[in-house]
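Engineer: If you want the building blocks of each chain, they are given just below.
Protein chains: 2
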Amino acid sequence: MKISGKHYHTIWEKENDPKTVQIIDQRLLPFEFKIQDLKTIQDSFTAIKEMWVRGAPLIGVTAAYGMYLGLLSLKENANLKNQIIDHAKYLESSRPTAVNLKFALDLVLEKISCAKSIKEKTELAFETANKLKADEIENCRLIGENGFPLIEKISAAKRGETVNILTHCNAGWLACVDYGTATAPIYLAHEKGIKIHVWVDETRPRNQGARLTAYELEQEGIPHTVIADNTGGLLMQKGMVDMVIVGSDRTSANGDVANKIGTYLKALAATDNNIPFYVALPLSTIDWNINDGIKEIPIEQRSEDEVKYIEGWHDNKITQVRLMPENSPVANYGFDVTPAKYVTALITEKGVCETNEEEINNLR
Amino acid sequence: MKISGKHYHTIWEKENDPKTVQIIDQRLLPFEFKIQDLKTIQDSFTAIKEMWVRGAPLIGVTAAYGMYLGLLSLKENANLKNQIIDHAKYLESSRPTAVNLKFALDLVLEKISCAKSIKEKTELAFETANKLKADEIENCRLIGENGFPLIEKISAAKRGETVNILTHCNAGWLACVDYGTATAPIYLAHEKGIKIHVWVDETRPRNQGARLTAYELEQEGIPHTVIADNTGGLLMQKGMVDMVIVGSDRTSANGDVANKIGTYLKALAATDNNIPFYVALPLSTIDWNINDGIKEIPIEQRSEDEVKYIEGWHDNKITQVRLMPENSPVANYGFDVTPAKYVTALITEKGVCETNEEEINNLR
Chain A
1 MKISGKHYHT
11 IWEKENDPKT
21 VQIIDQRLLP
31 FEFKIQDLKT
41 IQDSFTAIKE
51 MWVRGAPLIG
61 VTAAYGMYLG
71 LLSLKENANL
81 KNQIIDHAKY
91 LESSRPTAVN
101 LKFALDLVLE
111 KISCAKSIKE
121 KTELAFETAN
131 KLKADEIENC
141 RLIGENGFPL
151 IEKISAAKRG
161 ETVNILTHCN
171 AGWLACVDYG
181 TATAPIYLAH
191 EKGIKIHVWV
201 DETRPRNQGA
211 RLTAYELEQE
221 GIPHTVIADN
231 TGGLLMQKGM
241 VDMVIVGSDR
251 TSANGDVANK
261 IGTYLKALAA
271 TDNNIPFYVA
281 LPLSTIDWNI
291 NDGIKEIPIE
301 QRSEDEVKYI
311 EGWHDNKITQ
321 VRLMPENSPV
331 ANYGFDVTPA
341 KYVTALITEK
351 GVCETNEEEI
361 NNLR
Chain B
1 MKISGKHYHT
11 IWEKENDPKT
21 VQIIDQRLLP
31 FEFKIQDLKT
41 IQDSFTAIKE
51 MWVRGAPLIG
61 VTAAYGMYLG
71 LLSLKENANL
81 KNQIIDHAKY
91 LESSRPTAVN
101 LKFALDLVLE
111 KISCAKSIKE
121 KTELAFETAN
131 KLKADEIENC
141 RLIGENGFPL
151 IEKISAAKRG
161 ETVNILTHCN
171 AGWLACVDYG
181 TATAPIYLAH
191 EKGIKIHVWV
201 DETRPRNQGA
211 RLTAYELEQE
221 GIPHTVIADN
231 TGGLLMQKGM
241 VDMVIVGSDR
251 TSANGDVANK
261 IGTYLKALAA
271 TDNNIPFYVA
281 LPLSTIDWNI
291 NDGIKEIPIE
301 QRSEDEVKYI
311 EGWHDNKITQ
321 VRLMPENSPV
331 ANYGFDVTPA
341 KYVTALITEK
351 GVCETNEEEI
361 NNLR
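Line order of the protein sequences matches chains A and B. Numbering-wise (this note's numbering), the first sequence opens with residue 1 and increments by one. Numbering-wise (this note's numbering), the second sequence opens with residue 1 and increments by one.
None of these hints come from the bench; they were simulated from the model. There is no bait here: all hints are sound.
You can't tell identical chains apart in this list, so a pair holds if it fits in one copy or across any two.
20 Å max Cα-Cα, derived PhoX-like pairs, lysine-lysine:
id: 1; residue 1: K158; residue 2: K192
id: 2; residue 1: K238; residue 2: K341
id: 3; residue 1: K39; residue 2: K14
id: 4; residue 1: K295; residue 2: K238
Required output: the full structure, derived from the provided sequences and hints.
Structural biologist: Written out as structure tokens, the structure reads:
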């Protein structure tokens, strides 16, 4: 999608330097636009762990390129196989909740397993990362195609009046490679001339909604309004929301959806007000080994400082301020799990399905 | 309650200067503790409008003292009656949602109506404000007494293990004159040696939870943890919340509760997880003229800047940072309305009652 009118992906190989991968440093958005070089597996680990890149699909692609960068640093030796496995474990430890991370790492490990030389393994890892990137783009495009009729239908029912869509966090193209998951149907609807307006949850504590989703929508010229996370319930009660579309970091085989903390509260409000609640995700986000998301999906706990302090723009630079008493303790859970019964349907690259095990399995 | 070990109220007449009322400037907490002088009705208006003081009960008391300060500035004249009514209208316009504001102003108008001289009216206004203040203190004390058994019961059922209480916004003593509403049972339970722990919603956009409730609890030595507003649902799902207690800005005769934006979402989560959801309020908060809170209670819309910017502590001073793209629009609704069916009970100075019209009316 576009930034200042120019088309970008979130990750790409550097021009004339295939040993360097480049990313948009998302920590600085929307205040500064900066491109970062990733030259080592450690760079990739840091980029994921410290959230220079974020969003399940982009994390997966970044990890795949990380395996490639890691192979560039290895020499032929008797212990090579273990070193490669250690690389994968290292990268996997960067963010525990994202199932795409493990999916991407397993894919690279599988693709390079039969190659004889380190050169060949490296080439295959690069190809696999490129392929994964292309697949993510295509998946998001298809999620857009499949989700679009849901917006179109509401627009028709409202006789062309504005369709109000609420989203939480950033499941936009900045979380993927292009198009986004939750945003893909939105971008397509806008492109096709359907009148839409997006309510953007700011999404504390890291404010990915206010910082990234608002930035994406602004750059694409899509009408939107940023709200505090507390606001969605009131808007739904007042008939000011026609549908909710969010992304997912991990979804269980029965349709329980792990997503950014606070998603569950919006699903409850949507249910209470008879508003459809959709989750847009590539099938790679589904963890087929898990049948009870609430009991089985581990919830990442992050640093206290993400709640205690906040970053914003002040005096032409990013500035961190403390929000609360210095000595008050903080808890910072990254995700929650929305039970399948509150999810109207999943929007995937293979189609839209209700959240029950059989329907989901049919898309496999 | 205590600040740095010394007992304070939130509002009081200045020592040796009865023509000045003093308040704690709550805009600066928890970073700086500063006392402000209110010398005119305009000072009182500004203190309410700009949230130097906030919380329904404290707003009412501040408005009553505002009428007194306003009378100090008037001279005997043929138009006096209208001038006094204009004063009341002026103060009423400072915060549209708080029903206590109108209650306090009507009370002062009534008490001074038969007085002949301006001197007598002024004295009566001062007495009325003092009496209202004393009543607010006593009401909060009684809310504590009446709510305490609810905590005690859970503590007993848990065999003395810690009772985890979630609260939203600040319905603490800083919102009242002393004790608070939602916090009164908490303070009493702590005083009586019951093990408690409070989950404090930070309460965006103005962060009254992180800034004020956390500060209150810290100063009283009560175990607490600050969380992003998005977190409560997960905690409830995981069995980490035993009860919710919040305050109210206005409650309809049928028990629909207007309170800080986001309260409704917590009530939905409590209901979904079979956790009792209590609202602590003085009866003056009940608007007997309203029988459908969702349709009839007006929702205050506040400045975009409260969402777009945030204040915190940086470089030893309060600093404001911008959180989002400069050109993205914002909506900022101050309150939402929780339907009575999601409220387990009201805790009032006259007792605890279920949220149906008959039970509520019996307390009248």
